[in-house]
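Spelled out from the first residue to the last, the chains are:
There are 6 protein chains.
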Amino acid sequence: MYYNDPKLQYPVRVDKPNPLFAKALQQAIGGIEGEIRVCMQYFFQAWGMRGPKKYRDMLLATATEELGHIEMLATAVALNLEDAPLSLQEEVSADPVGGAILNGMNMRHILSSGLAAMPVDASGVPFDMSHIYASGNGAADMLANVTAESTGRALAVRLYNMTDDPGMKDMLQFLIARDTMHQNQWMAAIEDMGGIAEALPIPNSHPQDEENREFSYAFLGFDKDGAQPVQGRWSSGTSFDGKGEFTSRPMQPLGEEPDLGLARPKSGAQSAQIGSGGGILNKIL
Amino acid sequence: MYYNDPKLQYPVRVDKPNPLFAKALQQAIGGIEGEIRVCMQYFFQAWGMRGPKKYRDMLLATATEELGHIEMLATAVALNLEDAPLSLQEEVSADPVGGAILNGMNMRHILSSGLAAMPVDASGVPFDMSHIYASGNGAADMLANVTAESTGRALAVRLYNMTDDPGMKDMLQFLIARDTMHQNQWMAAIEDMGGIAEALPIPNSHPQDEENREFSYAFLGFDKDGAQPVQGRWSSGTSFDGKGEFTSRPMQPLGEEPDLGLARPKSGAQSAQIGSGGGILNKIL
Amino acid sequence: MYYNDPKLQYPVRVDKPNPLFAKALQQAIGGIEGEIRVCMQYFFQAWGMRGPKKYRDMLLATATEELGHIEMLATAVALNLEDAPLSLQEEVSADPVGGAILNGMNMRHILSSGLAAMPVDASGVPFDMSHIYASGNGAADMLANVTAESTGRALAVRLYNMTDDPGMKDMLQFLIARDTMHQNQWMAAIEDMGGIAEALPIPNSHPQDEENREFSYAFLGFDKDGAQPVQGRWSSGTSFDGKGEFTSRPMQPLGEEPDLGLARPKSGAQSAQIGSGGGILNKIL
Amino acid sequence: MYYNDPKLQYPVRVDKPNPLFAKALQQAIGGIEGEIRVCMQYFFQAWGMRGPKKYRDMLLATATEELGHIEMLATAVALNLEDAPLSLQEEVSADPVGGAILNGMNMRHILSSGLAAMPVDASGVPFDMSHIYASGNGAADMLANVTAESTGRALAVRLYNMTDDPGMKDMLQFLIARDTMHQNQWMAAIEDMGGIAEALPIPNSHPQDEENREFSYAFLGFDKDGAQPVQGRWSSGTSFDGKGEFTSRPMQPLGEEPDLGLARPKSGAQSAQIGSGGGILNKIL
Amino acid sequence: MYYNDPKLQYPVRVDKPNPLFAKALQQAIGGIEGEIRVCMQYFFQAWGMRGPKKYRDMLLATATEELGHIEMLATAVALNLEDAPLSLQEEVSADPVGGAILNGMNMRHILSSGLAAMPVDASGVPFDMSHIYASGNGAADMLANVTAESTGRALAVRLYNMTDDPGMKDMLQFLIARDTMHQNQWMAAIEDMGGIAEALPIPNSHPQDEENREFSYAFLGFDKDGAQPVQGRWSSGTSFDGKGEFTSRPMQPLGEEPDLGLARPKSGAQSAQIGSGGGILNKIL
Amino acid sequence: MYYNDPKLQYPVRVDKPNPLFAKALQQAIGGIEGEIRVCMQYFFQAWGMRGPKKYRDMLLATATEELGHIEMLATAVALNLEDAPLSLQEEVSADPVGGAILNGMNMRHILSSGLAAMPVDASGVPFDMSHIYASGNGAADMLANVTAESTGRALAVRLYNMTDDPGMKDMLQFLIARDTMHQNQWMAAIEDMGGIAEALPIPNSHPQDEENREFSYAFLGFDKDGAQPVQGRWSSGTSFDGKGEFTSRPMQPLGEEPDLGLARPKSGAQSAQIGSGGGILNKIL
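Chains as they are written, first to last, in the working numbering: chain A, 1 to 285; chain B, 1 to 285; chain C, 1 to 285; chain D, 1 to 285; chain E, 1 to 285; chain F, 1 to 285.
Okay, chain A solo, but in the shape it has when bound (with noise of 0.2 Å):
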């Protein structure tokens, strides 16, 4: 169960709305690198978590903590939007920086939301569940959340990089080293299930003699001459899960060509797939 406070977790000031910033921050809060992502991840990972009780516990922390930052997000587009254009008049074409805004501003802030924030990114593509991963194994759903964490990141430095707001730096400042923390936090949690190499191969829990162990760690090349692949980390040594050898070698195909046959008769198929249809087929086959 949950509650609220009214005030915010860090505190929100635009010092110049600019409605292409709020645009922009739009990525924040409903992009796949944003915080409805990481909101709902970590509580459909916590909610559906088997084992140890303390992962669910920390999942729904930061769970928590990601709610109010959608809320700081969703205030700060409000606040850039303060003073945004609302008409295509005259006047403000013939201006070429009023215009601009007015072009290059999501419409919608206008047309659909009034002047506030809406869950869609920067494109107004709104937000699509199907990016919560929550896979029911631990070390996955722990690896998907460094890596949101990772494009959070990146995407909030390039958000800090394309401002000179003094109270949007602040506010991005704060979420940047959140973000900080929420990588070393899924990773560290990794660690206390045993660290990254015992957990994979991801599901650790499936006995490797069921797979064919001839490809499991050998890196395959398919160059169009037969080339070796590109040698790196990857392609000899110990294998990164301590639990085999990395090779490398050019691929050949094991397979035959395949065959489906004909079509079979009332599956909508032309008379020329199934075999009924006169000269077509036989002349062809």
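Certain hints may be false.
Said to hold, decoys possible - Pairs of lysine-lysine residues, derived as DSBU-like cross-links and limited to a Cα-Cα distance of at most 30 Å, are as follows:
{"#": "1", "chain 1": "F", "residue 1": "K224", "chain 2": "D", "residue 2": "K7"}
{"#": "2", "chain 1": "A", "residue 1": "K243", "chain 2": "A", "residue 2": "K53"}
{"#": "3", "chain 1": "A", "residue 1": "K7", "chain 2": "C", "residue 2": "K7"}
{"#": "4", "chain 1": "E", "residue 1": "K169", "chain 2": "D", "residue 2": "K53"}
{"#": "5", "chain 1": "C", "residue 1": "K169", "chain 2": "D", "residue 2": "K243"}
{"#": "6", "chain 1": "C", "residue 1": "K224", "chain 2": "E", "residue 2": "K53"}
{"#": "7", "chain 1": "B", "residue 1": "K224", "chain 2": "A", "residue 2": "K54"}
{"#": "8", "chain 1": "D", "residue 1": "K169", "chain 2": "D", "residue 2": "K16"}
{"#": "9", "chain 1": "E", "residue 1": "K169", "chain 2": "A", "residue 2": "K266"}
{"#": "10", "chain 1": "A", "residue 1": "K53", "chain 2": "C", "residue 2": "K224"}
{"#": "11", "chain 1": "A", "residue 1": "K224", "chain 2": "F", "residue 2": "K53"}
{"#": "12", "chain 1": "D", "residue 1": "K169", "chain 2": "E", "residue 2": "K169"}
{"#": "13", "chain 1": "A", "residue 1": "K53", "chain 2": "B", "residue 2": "K53"}
{"#": "14", "chain 1": "D", "residue 1": "K224", "chain 2": "A", "residue 2": "K53"}
{"#": "15", "chain 1": "D", "residue 1": "K224", "chain 2": "C", "residue 2": "K243"}
{"#": "16", "chain 1": "E", "residue 1": "K169", "chain 2": "F", "residue 2": "K243"}
{"#": "17", "chain 1": "D", "residue 1": "K224", "chain 2": "C", "residue 2": "K53"}
{"#": "18", "chain 1": "C", "residue 1": "K266", "chain 2": "D", "residue 2": "K16"}
{"#": "19", "chain 1": "D", "residue 1": "K243", "chain 2": "C", "residue 2": "K54"}
{"#": "20", "chain 1": "C", "residue 1": "K224", "chain 2": "A", "residue 2": "K169"}
{"#": "21", "chain 1": "E", "residue 1": "K266", "chain 2": "A", "residue 2": "K266"}
{"#": "22", "chain 1": "C", "residue 1": "K169", "chain 2": "C", "residue 2": "K16"}
{"#": "23", "chain 1": "F", "residue 1": "K16", "chain 2": "F", "residue 2": "K169"}
{"#": "24", "chain 1": "F", "residue 1": "K7", "chain 2": "E", "residue 2": "K54"}
{"#": "25", "chain 1": "F", "residue 1": "K7", "chain 2": "B", "residue 2": "K53"}
What the hints contain is simulated information worked out from the structure, not anything from laboratory work.
Fit chains B, C, D, E and F to the given chain A structure using the hints.
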């Protein structure tokens, strides 16, 4: 540029066609854990990669491999649909097992594809390219790839446990092994770049003195009663990236309650929000 | 800012796990009538609310409650999946009831989430945030909320009628009651703002003398034979908003047939559309 | 069955084509507040309506009208695109106003439709039929329709305020008036069915003694500090539906902390979640 | 402008309601091969058509017809849902046939629409208007229409083969016939514009001397071993458009390996990609 | 199975980077007319093809080619983003041209991809695999392919007309030529199968005596006043498929007004729809 060989990378054999398993296999084609996703993700990462060339080469190699995996799975789906029922005829409905097959299969395998694979998941939802994570940050991308291969291997293992068809089990043993390799490969690539600890916080090119360091390594609790948050590897000791010390504490709001003021005239709000609506607003404020 | 308590708002108990009911319950999580929708809708309305502060407070309270409802339902889904079959083994297929369960359940509950809830509906379609209606107009938003709670309660009632599990019936009786309250609450909020009749036409801040008043209270018929349209409360008497008199009549076109002319050169049209294509266009015009 | 007349329902005239306004108008075609939505929503409600026939008739009439509104708006978009720039030629870029037009317009109006309307919103996102609310419950549907016409009229008003083109203003005055009527019409339909208070709680066919009446009229607070929730029309007095008395109070959790136990073997979880993974789980629990 | 007649274009009768067939019929409503698609596609093509007026008229006629087909199919779905089970009661589950019906049907037909049609496909995925192909090029649009009617008739034939309900078979015989006509109609329209060969290459208004004619009629092979590509009508002889001669050959890369260089500072990349990260990049390059 | 060569199929050169053209080029990558679509469409058609093997081979060849085209375009996007502005700094906003560039470009090229291509269209909407048309009917698929190449070439021509960058024009001349070939190729494939007239009505394996032949070649009018429909090649003469004679006439409804009766109890409808609601229903009926 790309080339093809009509043969399959690995043999695909179905001993006893099962349209329900065809539906399940679709998750490995068009699901978010599936092969279209990794194929296209690695291609887009490669095509946009800036920095050392060898990562581009490695990404291209494995992207090219994954294209062949989609092909294998598409073949497996078509073969599992070989004898699928095409009608709801009464005798079939009366047969609980036969009826259940038609009821349970993806009807679009009959209606839309003519007994062949589609780029959809096990629920019939089409794959959506927003799941192609290619961030322009090499470490974030590699982590996204380990994540993708982790959920991919979990999926392959679940499919393996679901079927008892020897042909399908053989194919899945190969695919599970490849997922083992690819998890190791992307982690090895991070090692090759200097290691995961050094990579963090991603992006590591952003100077940490421009983040709010008070919050960079603090695990924050949001318990209703202000209790100390759950302890673990993430709450004390050196941070995973080696650049700080974990601390933990309950969080308090640092910001104020936001006040967006009244709505602007001509913004499409109600009069009561604008302040011109007569007594209501005055009564309330 | 937000807080959590690990306990549930109301007890969730499943007496006899049923993976088919788990699939049905998903509609109340990720369906357009479900709890993610109302939770996020109320949050975004609150975060963007301009005007009297008390509506923001009320929205925040109920949004926070709904987050706990998602949690309850996610728990219910996981508990209903407790004994779900993980394989298509022949003995199960031969058992019509067991087979039908596997056939009928959402296979992604096995393949993607490891027997836990997902943010998808009963067909497995992910929730999409475009359904978060937050218009910047308080009255429109309250109506959207009554609507959401109406379809929400209809859904909860249908789920209640579908199951005979005592634990699930108890939980649904609670959720149905909350939907009763929330329908009343949002209508009361409109009363609080002055009443529904005064709120109309939404937005009531737009001067009606800038609309074409000839058509503001006319019920128009489009019957092929020009018959008078069907009569009811909407075709005569004072309009619902008290600002006009209903009339009714068959409609005739007032505009002309549009003529977009020829296509422009270099616009990618066919020559015949541009006028340079030789005899065809001339022959026709 | 349906018929057409090539003439428009109301004249559509553009005095000064403006590709930016074409982009804005798209919201009224393919936006969630737009005409495709109401057209299809009323059709699907009509086609599925059970109960008194006159509601079906009324729905069909207005659905048919809305189809003509899409046509009007599509014509308006095409006319606004008449003189749109087709190239990024340098002289245009050097002209700040001209450049801003090309930059700001929906490029797909050039690239995909050849200067014509598309079923997308102002951000270029295609309309998605999940927004067709047709619940099988007449009162819920009527409320959904008032809501749709409310956001629809807010949108039309915002477009009206955005442009100063006399032709476009005239067309929008007509559409705004129709939205006024339709808001009144659907509310009148609810009156015709017995009134909004009697309709609640929707569905009113579900016996209220099968809901948990302790919570049916209670406004619950979720304030972190357990404060009394914000008071208003919703917190005391007779409920809007006249079937109860509003109360209010802070909420406490009534359920326990959920415990999903350990993950099942072969479910794709990590060993640490299953309990067979050795020391880790034991150490933790 | 549009009109309606409450009668159906063709009788719709269901002799034995079958909720599974209701689910299958949804593909013909909200599937990509279905009637919403052709209806809206023809309308948008008509509304944006530039050039000879008669094509607009023809498109409007058939678009209007298709609207009546959605109506017929929506009626057919509702009638097939007449006796659908509303509960998972134990006695039903114990009956394999009854259980299979509930398991197999679209649960949203109970939960969301109250036993009526929805604008979704047979998997429950909502129709998405991005499938409305209206390109501004008349010939491309006509081809898109033949394609739509081809997959549409394949779908109708598959539905016809799936059912043995006499009423449904009669309705489908009508719809199949209309698809026959519409395939012929759009091909005839291309003839009317001068013929398919003359129409190619679409758009035929683009001067072919501004394309790289070396590749305009060459069938290229991408066989791994450089083999000659598979021969057929497409590899030799006069091209279909009569404007060239088919040739064929294996393809070789004509471009170089792309080099995107290093990432820019402040672009959110890792240090190793930017060149400022110390030894790693230097070691690698 | 597939192979790669790191070189590009054709040179990609950008003489003057332009982030707005990068945005436009995205349509050719992730738009419905773009290269991901044809690439994946041909692959899925090939992988599911039943009937003569040579069509599979041809589809595989061209699918493989299209993969290389995505690569070319992704490279072109990245090169066009070389000098894109990364900030909203005031000096840039004050410069109308520079400001307009940042305003007009896809901000996600900065925020999400780090100056690289994404699988989205020119509006930033991600490509969705539902556009992969692979019907199991060879002729329908070939027509879908001609259609795809027609809108694809229209798009390439529009991009060609939009830019004056010599490198980009050269690349597009190549891609336009390939679209010319592919349009011819798929039409030639239909000829190879016996010709388009013989292929119709698709699927030609369905016996036409099982369709309602009264309507198989009739062009129907839906004019409000019962006028004869617009005449053309489609209204008289031998049908395109040579299997009938075109006729034309106004259409009249042949069915009755549908009556779905009352709603069932426990179906979630209002009492007024069920008949148990007291006087309302009786009063109305």
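Status of each hint after checking the structure:
1. Taken as a hint, the F/K224 and D/K7 pair is honoured in the structure, with Cα atoms around 11 Å apart against an allowance of 30 Å.
2. Between A/K243 and A/K53 the CA atoms are separated by roughly 29 Å; this keeps the pair inside 30 Å, and the hint holds.
3. A hinted pair counts as satisfied when its Cα atoms are at most 30 Å apart, and A/K7 with C/K7 qualifies at roughly 24 Å.
4. Straight-line distance between C-alpha atoms of E/K169 and D/K53 comes to about 28 Å, which keeps the hinted pair within the 30 Å bound.
5. For the hint pairing C/K169 with D/K243, the CA-to-CA distance comes to about 23 Å; that is within 30 Å, so the pair holds.
6. Between C/K224 and E/K53 the alpha-carbon distance is near 24 Å, which keeps this suggested pair within the 30 Å criterion.
7. For the given pair, B/K224 sits about 17 Å from A/K54 by alpha-carbon distance, which is consistent with the 30 Å threshold.
8. Distance check on the hinted pair: D/K169 and D/K16 sit about 12 Å apart at the alpha-carbon level, within 30 Å; holds.
9. Taking the CA atoms of E/K169 and A/K266, the gap is near 15 Å; set against the 30 Å cutoff, the hint holds.
10. For the suggested pair A/K53 and C/K224, the alpha carbons sit about 67 Å apart, so the restraint of at most 30 Å is broken.
11. The hinted pair formed by A/K224 and F/K53 meets the criterion: a straight-line CA distance of about 24 Å does not exceed 30 Å.
12. Between D/K169 and E/K169, the direct Cα distance comes to roughly 51 Å. Violation of the 30 Å bound is thereby established for this hinted pair.
13. Pair hint A/K53 plus B/K53 does not hold up; C-alpha atoms about 44 Å apart against a cutoff of 30 Å.
14. Among the hinted pairs, D/K224 with A/K53 is consistent with the structure: their alpha-carbon atoms are about 24 Å apart, no more than 30 Å.
15. A C-alpha spacing of about 44 Å is found between D/K224 and C/K243, which places the hinted pair above 30 Å, so the restraint is violated.
16. Straight-line distance between C-alpha atoms of E/K169 and F/K243 comes to about 23 Å, which keeps the hinted pair within the 30 Å bound.
17. With a CA separation close to 18 Å, the supplied pair D/K224 and C/K53 stays within the 30 Å bound.
18. Between C/K266 and D/K16, the direct Cα distance comes to roughly 22 Å. Compliance with the 30 Å bound is thereby established for this hinted pair.
19. Distance check on the hinted pair: D/K243 and C/K54 sit about 25 Å apart at the alpha-carbon level, within 30 Å; holds.
20. The hinted pair formed by C/K224 and A/K169 fails the criterion: a straight-line CA distance of about 62 Å is larger than 30 Å.
21. Our distance criterion of 30 Å between C-alpha atoms is broken by E/K266 and A/K266, whose separation comes to about 60 Å.
22. At most 30 Å may separate the alpha-carbon atoms for a hinted pair to count; C/K169 and C/K16 meet this at roughly 12 Å.
23. Proposed proximity of F/K16 and F/K169 is supported: the alpha carbons are some 12 Å apart, at most 30 Å.
24. Between F/K7 and E/K54, the direct Cα distance comes to roughly 49 Å. Violation of the 30 Å bound is thereby established for this hinted pair.
25. A distance of roughly 13 Å separates the Cα atoms of F/K7 and B/K53; the hinted pair therefore holds under the 30 Å criterion.
The structure fails hints 10, 12, 13, 15, 20, 21 and 24 (numbered hints given earlier, in ascending order).
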